[in-house]
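With the hints as your guide, set chain W onto chain D.
In order, the protein sequence lines correspond to chains D and W. The first sequence begins at 46 in my numbering and counts up one residue at a time. The second sequence begins at 45 in my numbering and counts up one residue at a time.
These are calculated hints, taken from the structure and not from any lab test. In this text, a Cβ means the ideal position worked out from N, Cα and C, and glycines have one as well. The reader is advised that the hints may include incorrect statements.
Only some residues are given here: those of chain W computed to face chain D with a beta carbon under 8 Å [to be verified]:
#1 F62
#2 F69
#3 A77
#4 R140
#5 Q173
Next come the chains, spelled out residue by residue.
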Amino acid sequence: MIAEIGHFSLILAFVTSLVLSVVPLMGVARGNAAMMQLAVPATLVMAAGVLLAFAALVWAFITSDFSVALVASHSHSAKPIIYKISGTWGNHEGSLLLWIVILVGFAAILTQTARKMPIPLKTRTLAVQGIVSAAFLAFSLFTSNPFTRLSPAPLDGNGLNPVLQDPGLALHPPTLYVGYVGLSMAFSFAVAGLLEGRIDRAWAIYVRPWITAAWCALTIGIALGSWWAYYELGWGGWWFWDPVENASLMPWLAATALIHSVIAVAARGIFKSWTVLLAILAFSLSLVGTFIVRSGLLTSVHSFASDPARGVFILAILLLAIGIPLVLFAWRGPQLTNEGDFELISREFGLLVNNFLLTAATIVVLIGTFYPLCLEMVSGARITVGPPYFDATFNPIMGALVLAMAFGPVMAWRRGTLPALRLVANCTIIAALAALLVGLVLFTGISLAGLAGVGMTAWLGGGILADIFHRLKHVSKSEVGKRPVIQMSVWGMWCAHLGMVIFLLGALGNGLFASEVVVRAKPGDVINLAGNQITFVGVETRRGPNYVTSTAILDLRRGGQLLARLEPENRLYTAKMQATTEAAIRPGLRGDDYVVLGDGDTQMGYTLRLYHKPLVSWIWAGAGLMAVGGFLAAIGRALRPPPILEPDILT
Amino acid sequence: MTNESNKDARRTGPKLPFFLPMIGFLILASFAATALFATLSGNRNPEQLPSVLIGKPVPDTPIPLLDDGLATLTLTDFAGKPLLVNFFASWCAPCRAEAPALAQLAKNVTIIGIAYKDKPADTNDFLNQFGNPFSAIGVDRDGRLGFTWGVYGVPENYLIGSDGTVLLRHAGPIDRRVLNEVLIPAIEGTK
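Isolated chain D, as found in the complex (with noise of 0.2 Å):
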């Protein structure tokens, strides 16, 4: 009965979103104030249903109600209740109707904020993102329909993938999506403008927060993705360039773009065409980043409910979801003019690198994953395009970009330069040269790559914190006592950009200084591994609530002193009889230390792979600190007195 009220509720839902997208539509063509009023209560009855569609769609996961074709299939009764929710999001119609949630839930959160918004603004916002979910509630109703029913019901389910039964995975898919959706927002903005044919100031105001928000949410779920697969997977990597990984990646770099564009929009009123297209881009990214994988079009680890029958409805929602908007921009693109100019060395020209560099990366990153299909179709050929490509490629793209980060935020709008800049090209210089020496003496053997790795990053750390102290050194000397004259956003940019620093630190100390030894060992054996001491105690069989493991217990000593116990283990779970294995890990300021068992027996022994990976926990605090970044940029200009909107105000 709940599954059927959740049917019931998605297709009334399918209904609103219809109507959503078309009435208000025309409501604003024609000038019917009536017929733009339905805007809001469309979009909240559309977001009722959905809400209730999934909420019906839990409860017959916790329930375990195994009538439900889903839920026989995605989970078993003697999984944990965690488990049992998040498998709501661990297979593809589950996982389709929560990315429906948050789309549809930001509508309507759009719907009861921004309340001096523009109303046409507002209303064809409502209805661009009405269109899209009416879109996705067809997919998710005519070829994944969660709630199908089995008869006779099965006595218990198949189980889930036991590598996604993790607080990883809990965490992970709705965070990304929440980063891929909130992108729909800056999308429905960008086509509301373009419809509309102007895009200014007020525009970009409003769209702001949805961006900062977005990406925000996406840094963290790329991060958690990585940080799952870094303990999880067991390969002791954190970035495999596969391509689903690139698929996120790439609505984060467009999103970085666009974050930074729509600051000029916002302060200027120029690059008004630029944002429009990246906030297209990003979201279409988004878009690919969903569902590539799932049409089977391109092969990854994450094989993840991947169904070429599928792919023909998805492909066409692609088609009209990116290929209209940009019609549209190509119609209506040259119509939004800007409203001033800008000189070579200005704030304006230091976003324009900026922009050009992150979207130089995207572009190389989406080369480097649809190649290989697009030669398959022209020769025949399967290749994969691997880590030697992206290094050659995309690493050079970012290192001009840390070097270009350190000088941006010292710009001037229009012309000029702060008074800050003497200061950071000093501290750049001189950070850059002292790490480069620092690497030369210390480390040999190092790189050519990895040295300039380690120079740039100095580089930057060095602009950052000479900004910084230049600005409080300045706001203590003459302003102190008026008003807070540093902004919550400038401390949010400053700490978005010192986790970049961070997370450099944590690649380069990782790449670098990495060691690693696969052994062959019997209780008692002990390994020396980056001036540690661990020995093998032995292998013992446990029991997990639905599963049985081989744990293997190794001692971690260094100088004679017992650092930890590390216990790897290989879990078999009972219900499809799968395997995992799940890596030993140490974390530490300093480095971690990782440990798999493999495959052995106590005569023969057993083959352990073990790791000591300097600073690579620095890569997750890295982008966690961007995303508080993003997070204090978007609180402070939420805080601040609402702008004034007349134009030429900076000019």
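Just chain W, lined up with the frame of chain D:
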């Protein structure tokens, strides 16, 4: 913006650069569509790496032996029984992972190892550490042999039938699933 400037803006004609995103998207979408319909019509399986060698006789290039750089082995000499050719290297982490699987397979089939772009000393260390499941080991120092076979990365395995034709290619390490569901049935099929 006033009404007048709006009218000015409306008069702006189409500009080529504004069409570029759409054109780029259409090109990419047409590739995706072609691939999708190939997959749907069953002509394409994204999980399998086809090889031009499948169904053809095994290349009869003489391969230098690891133990003795002057002697060579020729794969056509092994005709009459199924053969597994394993391209591996000491520098390749997945090759370590598949060592137990190869040890198990060695009970069922003759395995020839080809040390791909590897120093003989390193290869020997690797074999001492992870075991030697091979009946013979050839050396491909510069990767030229791998090139003729179409090897794109190690480990890579080729199953050769009793009649000397290449039956199957598996790129990537042999895990339990590949071992039990692909290789063992295929070897049983040749007997």
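Given W/F69 as an interface hint, is its Cβ closer than 8 Å to any Cβ of chain D? Nearest chain D Cβ about 6 Å off; hint holds.
May I ask you to test the interface hint for W/F62 with respect to chain D, counting a Cβ-Cβ separation under 8 Å as satisfied? For W/F62, the interface hint holds, since the closest Cβ of chain D sits about 4 Å away, which is under 8 Å.
Proposed interface contact between W/R140 and chain D, which counts if any beta carbon pair is under 8 Å: holds, 5 Å
Would the hint on W/Q173 be counted as holding, given a Cβ-Cβ threshold of 8 Å to chain D? holds, 7 Å
Going by Cβ atoms only, is W/A77 closer than 8 Å to chain D? Check passed: Cβ of W/A77 comes within 6 Å of chain D, closer than 8 Å.
The structure meets every hint from the earlier list without exception.
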